[in-house]
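Protein chains in written order, with the numbering used here: chain A, 1 to 356; chain B, 357 to 712; chain C, 713 to 1068; chain D, 1069 to 1424.
It cannot be assumed that every hint is accurate.
For the chain D half of the interface with chain C, some residues (derived, Cβ under 10 Å), not all of them [stated by the list, open to error]:
#1 Thr-1125
#2 Ala-1250
#3 Asp-1268
#4 Asn-1327
What the hints contain is simulated information worked out from the structure, not anything from laboratory work. We treat Cβ as the ideally placed atom computed from N, Cα and C, and that holds for glycine.
There are 4 protein chains.
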Amino acid sequence: MPGSCFGEFLVVSTFGESHGPAVGVVVDGVPPGLALSEADVQRDLDRRRPGQSAVTTARRESDRAEILSGVFEGLTTGTPVAILVRNEEHRSSDYERFRDAFRPGHADWSYHAKYGIRDWRGGGRSSGRETAARVAAGAIARKILAGHGIAVTGYALEIAGIRAGSFDLAEVERNPVRCVDAAAAGLMERAIAEAKDAGDSVGGVVEVVAEGVPAGLGDPVFDKLEALLAHALMSVGAVRGFEVGAGFAAARMRGSAFNDELAAEGGGARPVTNHAGGVAGGISNGAPLVVRCAIRPPASISRPQRTVNERGEPVEISIGGRHDPCIVPRAVPVLEAMVALVLADRLLAQRSLGRP
Amino acid sequence: MPGSCFGEFLVVSTFGESHGPAVGVVVDGVPPGLALSEADVQRDLDRRRPGQSAVTTARRESDRAEILSGVFEGLTTGTPVAILVRNEEHRSSDYERFRDAFRPGHADWSYHAKYGIRDWRGGGRSSGRETAARVAAGAIARKILAGHGIAVTGYALEIAGIRAGSFDLAEVERNPVRCVDAAAAGLMERAIAEAKDAGDSVGGVVEVVAEGVPAGLGDPVFDKLEALLAHALMSVGAVRGFEVGAGFAAARMRGSAFNDELAAEGGGARPVTNHAGGVAGGISNGAPLVVRCAIRPPASISRPQRTVNERGEPVEISIGGRHDPCIVPRAVPVLEAMVALVLADRLLAQRSLGRP
Amino acid sequence: MPGSCFGEFLVVSTFGESHGPAVGVVVDGVPPGLALSEADVQRDLDRRRPGQSAVTTARRESDRAEILSGVFEGLTTGTPVAILVRNEEHRSSDYERFRDAFRPGHADWSYHAKYGIRDWRGGGRSSGRETAARVAAGAIARKILAGHGIAVTGYALEIAGIRAGSFDLAEVERNPVRCVDAAAAGLMERAIAEAKDAGDSVGGVVEVVAEGVPAGLGDPVFDKLEALLAHALMSVGAVRGFEVGAGFAAARMRGSAFNDELAAEGGGARPVTNHAGGVAGGISNGAPLVVRCAIRPPASISRPQRTVNERGEPVEISIGGRHDPCIVPRAVPVLEAMVALVLADRLLAQRSLGRP
Amino acid sequence: MPGSCFGEFLVVSTFGESHGPAVGVVVDGVPPGLALSEADVQRDLDRRRPGQSAVTTARRESDRAEILSGVFEGLTTGTPVAILVRNEEHRSSDYERFRDAFRPGHADWSYHAKYGIRDWRGGGRSSGRETAARVAAGAIARKILAGHGIAVTGYALEIAGIRAGSFDLAEVERNPVRCVDAAAAGLMERAIAEAKDAGDSVGGVVEVVAEGVPAGLGDPVFDKLEALLAHALMSVGAVRGFEVGAGFAAARMRGSAFNDELAAEGGGARPVTNHAGGVAGGISNGAPLVVRCAIRPPASISRPQRTVNERGEPVEISIGGRHDPCIVPRAVPVLEAMVALVLADRLLAQRSLGRP
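Please take these sequences and the hints and turn them into a complete structure.
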């Protein structure tokens, strides 16, 4: 598999470059009989869309989803659902200057080393635009999960070093940075604006929580639930770190503090605390699933940077144009999509065991 | 795939429970003509072996590797290499007490929820003993990599909150905690002993570096090199967090500080700094690959803990017996093995492109 | 994987229903730097197109291929190539009568049993229309193979019981049944017309030969070259039998007659005869690859047939409309595409071994 | 995947060479709670064992199965079941003569071309001995199927051109050629003996039937049930052709004769005839599954044959030793195992859809 497929039961295959005709996705394994419309997909695409607020890029793409297959009379049929999103605003000329220069922090050089050829317009396949396809697929996963009482929610915990101090999920979609703390959100907005004015960019931390995950999802050994989630989330270009539950903090805890004791519930058990973040031995334990991602500052900055061109000559470049000074707010629906895809995949996997 | 397979080109399939007859591994895709002997495998197995020092469990298993296939007259033939490690010291009776109690921090409850049946002797399949099979496979990956000038090295950066202050790779195999700082190593040993005396356990942070990785390994989108590494490393039971390069620190850096500028080298480019940890856009960029893992404190502690049994009754248990108070030193060769497996897999993948 | 993906190195993922908006394919793993245009794809699509001659269905679809990704400035970039073929002539109303009746010989009943829901318009996903996507993908495979001197050619050996008596490849594209024997072709055409007039349909046998296949392709045990080819060809709906080399005739030969003796050639060996059809032990031996498929008579016939509807009531149906009385001529490019996809996949696989 | 793995839900990974220490198999995905003992596996291994009758090779191997993992207190636990079969009778010296000569009809030359190295003792990995591992895995699949009322039965339909005239399943295990016709069996035995005396070998045709297969197994497009079966059966070295239902005879039938009309049954439908062999559109239709394989005459014959050695020199060889003059009787349990593995895999797959 050369890298553009993900999943085993709910198999996602994306295609498309940032400045080609379209990006899109084929989702195979969607259970039959699920109500699915373009509006379901559009909702999440709109949350990822460029130009949605002052803290994102000023580029505007309407990102309209067209369902090409797999849905008949409003219901999925069990066959592949293909979704197409045409690219609209091509300003390839913006990139003409970088035609042969490797932009620092981007994949230009590594793609060149790998393939010996690359679509230099806006990063081509390595562009974040590919994540529109993931979000479209994630919308399907979300609907599958909703049918089993599972909800996936993401939000910013930290941006530019500013940490949320309070926690209110109702705030998330009310502020443009998607933070759980309205006051911190204001500071974050300001910090982003400041970085932008300085021709620079900032990063942050996103947390994604899945409520309603039944115990028993995930597989032993190599396909532990947190391993699949780490794979999924680290495959989003801007993510540089991943943790589940207590994460890196666990390295400084003692076993007696870290271990989640168990209480009786419904004939089985329930973790009393949740340092493990909802998984034990790679398999969900019935507690909410909690993961966190470190998001790097975007690579496209207008400050001058030293680099090299395809002829091996040193050059200096400054990346003007309309870029996100902080990708955190738009990353939230992408990370939610990836978590939803993993959970839906494992939910279908678990069914094959014939267990309740 | 139900979870016990890993890799696409170098495919690893492990089997075995901690108290069954054996653990083992089948490695398919090993290139033909590689010199391979049981001694090659034994070297790494010995670094993972229980009872190797005062900071590990007192259990003793000789962990002898037997190669069952795929090697003829000292060379691999291109067919699957199966390696068997018989389990020796079965003290299942140690576990009889936990027959129906779910040990906190272990996978007892989640396996029960998943399968409705479990081998309760020492965790069965969820036991860390399974990693012996990974280390055996990793030894093969290492030999493949060595033939391409790639070396993988792991070490403790932090244990029980004590951080290495100096960095000397030569120290690693000289101290029982595998730390790069001899002075810190002494403090770490003491902290482990202290926790053990208190019936408790401690965690830490391991860093793994791969030198000599050529630019071009890894795949776009879902199979980014760091995504595969995160999958591989988070699949090791004790790992709770993963980061590449600057990792979580990147969330607080500005783009101008995080981006690695490029310098000319050998007709191509070379990152001047290495905040990205050797990957750009999911593809290696020629810089050393640097990843870090958070290791939790071991779950087996002698302090009393509250839990539930299979009948849903609350019980209190205290896990005596011979357990590792800190798994970091023995985790080092396991994490090295996983990194080596991913890199060898992608090296073979890259060959299929027909690129130099 | 739920069935719409094929291949490991050159991964094909098709989507689309016969009466939905489009059929299409995503091909991942296409080597970078390959010249590829829509015209390359169109050539093969035109050979599969309905309405191309008097012996095929009278339906007319122009089947225009649109490349949506993976090609930049006329060359592939190593990223997924998505190709879209819009469906044009929707006459869903033709099928309204079969809305709830299971057509004999079609997949209506088995899909209903599997999914509990189905797109009843023209078979939906089970329609032969899906093979347009395969042919588009096959055109890419063909170009990869051409770069290695491998050519794949298919033709009718038998239709309606009439067997080709002579063998001239130059005849194949000159007659509408794609037969290697011009005289037999005339008889075949007449037999097809006769069956059509009788409201019936006929089958035949197609042979596909690949010239220039180097020794060494294919893998031991489960992925023998003939096993992959059988998988690929038996996945075409109309194919009911598969054989390689002597095939079923081998069952009546003695070992001394069947074994291909070897002669020296170029420092290696060359089979003197080719009863094995180009493979030994599942791995190509340097002789031309020869496979054969039994093609069933099309299921859609205007003669009345007894069946059952979704309410379990017996009904009689007669399938009017414009259907192929014999699918053999249009199956030829589809079977070629499948053989080309398998060979290109294994060619890339073999490269990963690092062998010449 | 380099070829030694098969299946997606029930994943089989075999290893071992004919003259190495052992052959074996790891089966992942076995549902938990299945009663499984070594005796279950031994039963089928004994039917495949060399030396079981006068028509097979005189070699004797006891082929004792040892279960190494995945079974606890007599029940499977959901974790991988590894089964080891030690090789006993090594007469590598028998093969010393062929050390550098490529035996005609064997994989010696093609393996040499692929890998540049090979285990020349008895074919190494390409030896039929590998099928012992498949039979062991198949025994597990059979038990899974039995729990769903599915039974898989194979038998000889034809040997050395002699065709069974009557059909009595009770005869199969009563005669050494496993034929459904006792009278034909006698003629077959004589024909085999005659070929053997002439230093030659003979082939035949095996049919495998699965009763009790529910409608709905298999997947659209590339993973049609017959495609997976063809893959599985053509991966057995001696198989040169595959057909389902009417198979090659379908090529000469008219649609009106070939189509299976449907009758009402249990609220659904039931094919009245079974020309399709139990599948429609790649998905089982509730009729018995019927497939047939052409088995070639064994390659090892004592008659002199011309070939080439590793130095490219022409040589003549005569393969003495104890070889099967006809592999059909021993192939029966192997082909049954492959059919059982595919069906069990698809049964688990279907469960993931959440359909009854």
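The hints, checked one at a time:
Restraint check, Thr-1125 (chain D) versus chain C: the minimum CB separation of about 14 Å is more than 10 Å; hint violated. A distance limit of 10 Å between C-beta atoms decides the matter here; for Ala-1250 (chain D) the minimum to chain C is near 21 Å, and the interface restraint is violated. For Asp-1268 (chain D), the interface hint holds, the least distance from its beta-carbon to any beta-carbon of chain C being 5 Å, beneath 10 Å. Checking Asn-1327 (chain D) against chain C: minimum C-beta separation of about 4 Å stays under 10 Å; hint holds.
Hint compliance for this structure: hints 1, 2 are broken, all remaining hints hold.
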